[in-house]
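Asks: The lines below spell out each chain.
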Amino acid sequence: MFADWPILSLLIWLPILGGFLTLAAGRDAPDVAWRLGLAVAGATFLASLWLWIGFERGTPEMQFQEFTSWIAAFNVNYHLGVDGISMPLILLTTLTTVLVAIAARDSVKDRLAYYLAAFLIMQGLMIGMFSALDAVLFYVFFEAMLIPMFIVIGVWGGPRRVYATIKFFLYTFLGSVFMLIALIYMYLQSGSFAILDFHHLPLPMTAQILIFLAFLAAFAVKIPMFPVHTWLPDAHVEAPTGGSVILAAIMLKIGGYGFLRFSLPITPDAAAVLDVLMITLSLIAVVYIGLVALIQSDMKKLIAYSSIAHMGFVTLGFFIAFMIFRNTGDWDGASLGIAGGMVQMISHGFISAAMFLAVGVLYDRLHSRNIADYGGVVNTMPWFAAFFVLFAMANTGLPGTSGFVGEFMVILAAFRANFWLAFLAATTLILAAGYTLWLVKRVIFGEIGNDNVAGLKDLTPREFLVMGVLAFFVLLLGIWPAPLLDVMNATIDHLVAHIAQSKLPAL
Amino acid sequence: MNFEIPAFLPALPEMFVLGMACLILVIDVFLPDTRRDITYGLVQATLVVAAGLTLWLAGPETQITFHGTFVADPISDVLKLAVYLVSFLVFLYARPYLMERDIYKGEFYVLGLFGVLGMMVMISAHNFLTLYLGLELLALVSYALVAFWRDSARASEAAMKYFVLGALASGLLLYGLSMIYGMTGSLDIATVAAALQAADEGMNVPLVFGLVFVVVALAFKLGAVPFHMWVPDVYDGAPTAVTLFIATAPKIAGFALLMRLLVEGLGPLHGDWGDMLMVLAVLSLAVGNVIAIAQTSLKRMFAYSTIAHVGFLFMGILAGTETGYASAMFYIIVYALTAAGGFGMIILLSGRGFEADQLDDFRGLGQRSPWFAFMMLLLLFSMAGVPPTVGFFAKLAVIQAAIGAGHVWLGVYAVIFSIIGAFYYLRVVKLMFFDAPPIEEQPAINRGGAFATALSLNGLAVLFLGIFPGLLLTLTHYAVAG
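Protein sequence lines, in the order shown, are assigned to chains A and B. With this note's numbering, the residue at position 89 of the first sequence is 89, and numbering never jumps. Counting from 1 along the second sequence, just add 1000 to a position and that's the residue number in this note's numbering.
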């Protein structure tokens, strides 16, 4: 009976309108704002569950489609739909926003209504971005998202927030405008802005390579890949907790999503030619950024670098497909790599959100992110310490947690391509264990570091709830990833079959 | 001798505005200073009625009258409506500013109305002389308006610069037109186009020679690099209400000038003027966006940003396709609307004896007035071309037209400079939201009344047109296609 409801439009516009409502109603009443904002986020999350329930497994078709003409002059349409790649990311978005809204009550003292409104609007825009099937619509959401994030970092951020937020905005803007040129070029070739039409547009090699590079500029900045990652540590460190959580859990995934939705299916031949470049950059992210993470003295910066290293795994999983095909001649392993990358994205969404929230919990109490200011937290905050250790283990990829599944699949795929690639990729397990466990040792364990730590209070019920939900998903995904894989399988198989076909025009 | 009576009806809006302008001039003389609102009300009513007349006469057919010197076609209807709307906003925004400076005089409004008439004549010109007539009427009004605040030495200086350079540009234009007249034997736009179509190669050199002067004059009038030097000085020196006037609606008329003169009249020479416009566009985008970064005065910053926007306008026109003209038209209407809001914000924050024309005056606006800070945010992001504001679609349309005409590199070049441009718009957003308000007392923000309402609607329109850009885009495509 709900089949014909415009559920995706609801998911986009409910939080956006709810955000403005929160702003209007709660400007001078933080309590009202918080309740209202949470209600909107919660309602959106519940509505998004319908996507999970009503989603038809086993077909790569776009589902819950909506189609209305938008700008007739350019043949641009308001075309929405989800498949096995975008649907889990939308759920991740709605869940994370609820958690951010809950956590905001304790950590945001200043202008709470604006803060919640910014996150709700951002949520609507992100869902719009994940479900857009029209390139202009996608681009509009993709860019519009920058505005609330720009404000969030700039208003509620740390001491160097202005520098960080302008850097964040300009970096992302720089990347995306090249994508715009590529989209316009393809529109002029195909006469339509429909992403699915782009998938079937034959393109000569030169054009493919240029388009691939344009997309790379946009998505590599978002993910972020080495060497355009430098905005991320700045943005993360200066952003308020909620901002870091959304940045790490969702915004970084947009780059990965973009590769799957645009780069691979639109320019498969260019991707096959340039895969060595992509794999090299991914491995540099995994190994070099992992080493950089080791020497950080700031907790948030450490987690930010660890995010970059983990996202390197995602891109490795996506692009290893072409090398597997070259070396073995079949596409079986390719699905494994791409599925591994997807699982890694979802899992990293939970883990990084949890890690940043955990740092936020400490920061709210002592107003310091410096590792040296802590030590022996377990003595005063046992519950917190238990959660923190769990998330840290997940971050290192311990079997039984979600972190393991994705990494294992990607390393397995890498083995089919080349032993040494797999070897390098696997060093991440050691490096991640190094920087994460060392962080745990210095912050959580040992003697009580100073008087401030001695005065710490354990988690409030609200914080406990947030941590508990994330811990639940981290474990669930680690022990039983099958439901998630079920949702994605058909789409990923379809994608692999698609990229196996050359799109060069017949001579 | 046979004297044919021309059809007057297509020019009814022009005749009405002219009649009203003369009438208001007379009425205003008899009004005491306290009753100046009557002048203001009459001027605004004139614009509304003129809009009604234009709408009533609007139709898909092209009517040429007054012995081929005047044309009424869809593009003129749409452009005139845009001019009325923007001028209406300009007169509305200017009112509190003039009142606070005790220069709330009839001259501003009567001159402004004559300026509107000049723009209308430019838009409907079908002869080089009519075009020049409209242009000069507008130019004279602009010089006078810049100088109109007699007590301000800076304004007088700006007016002097404006006048000297503007007169030079007019001379160049006339000289160029006379060369073209010499080669084609006509000043009628359709006849010139037909003559150029039939022209042989041998005519090319003197024609292009004349064309160079015409293009230089247009670049002067529109403020494209390297003929832009007057723009920042005039914008900065003129009273903000006047800057508001000269920075908005005349740009729409400037687009009409380009369309009538280059596209309709000298269309067959597209290969030549297309390249010239490309040089101007490339330089304007670079110089406008880069130098704007160094400004501390918001008015000067807007001046340089205008120069960059003119570069985008040229990009659309040099594409030489219907899509290109339509997107340039879309761009300039959007620009005029956004710029009107931007200068309106300066007036909003200004008060008696206080000019909020420095960047620092916007510091902490997010705390003083979140609503208007949000409006300014929308306007700035629209100028920077960030979705979901309409400025994005304006840039999208123009870049698409340029790429469609085969200038992919120009599209890439334009977006790179848009990013550089985004920086100085972001800096204003940063001042508004991330910085604390200045310690010293600033005039209270007038949050009610027609002015504040109109400004809010102006800001929201930028967002609304960004969410539904199809409306205006369809209109411009219809207008250009005829």
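If you're looking for bench data, these hints aren't it; they were derived computationally from the structure. Just so it is clear, CB atoms sit at the ideal spot from N, CA and C, and this is done for glycine as well. Be aware that one or more of the hints could be misleading.
[Said to hold, decoys possible] Derived, one-sided and incomplete: chain B residues facing chain A with beta-carbon distance under 7 Å:
#1 P1388
#2 F1433
#3 A1436
[Stated by the list, open to error] Derived coverage of chain A by chain B (criterion: at least 3 residues anywhere in the stretch with Cβ under 8 Å from a Cβ of chain B; other residues may be distant):
#4 134–140
#5 165–177
Asks: Give a verdict on every hint.
Replies: Hints, verified against the model:
1. Taken as an interface hint, P1388(B) checks out: its beta carbon lies about 5 Å from the nearest beta carbon of chain A, inside 7 Å.
2. Evaluation of the F1433(B) hint against chain A yields a held restraint, the C-beta minimum of about 6 Å falling below 7 Å.
3. Given hint, A1436(B) at the interface with chain A, is violated; its Cβ is 12 Å from that chain's nearest Cβ, farther than 7 Å.
4. Beta-carbon proximity to chain B at under 8 Å applies to 3 residues in the region 134–140 of chain A; the threshold of 3 is reached and the given coverage holds.
5. With a cut-off of 8 Å between beta carbons, the region 165–177 of chain A has 7 residues touching chain B; three or more are needed, and the interface restraint holds.
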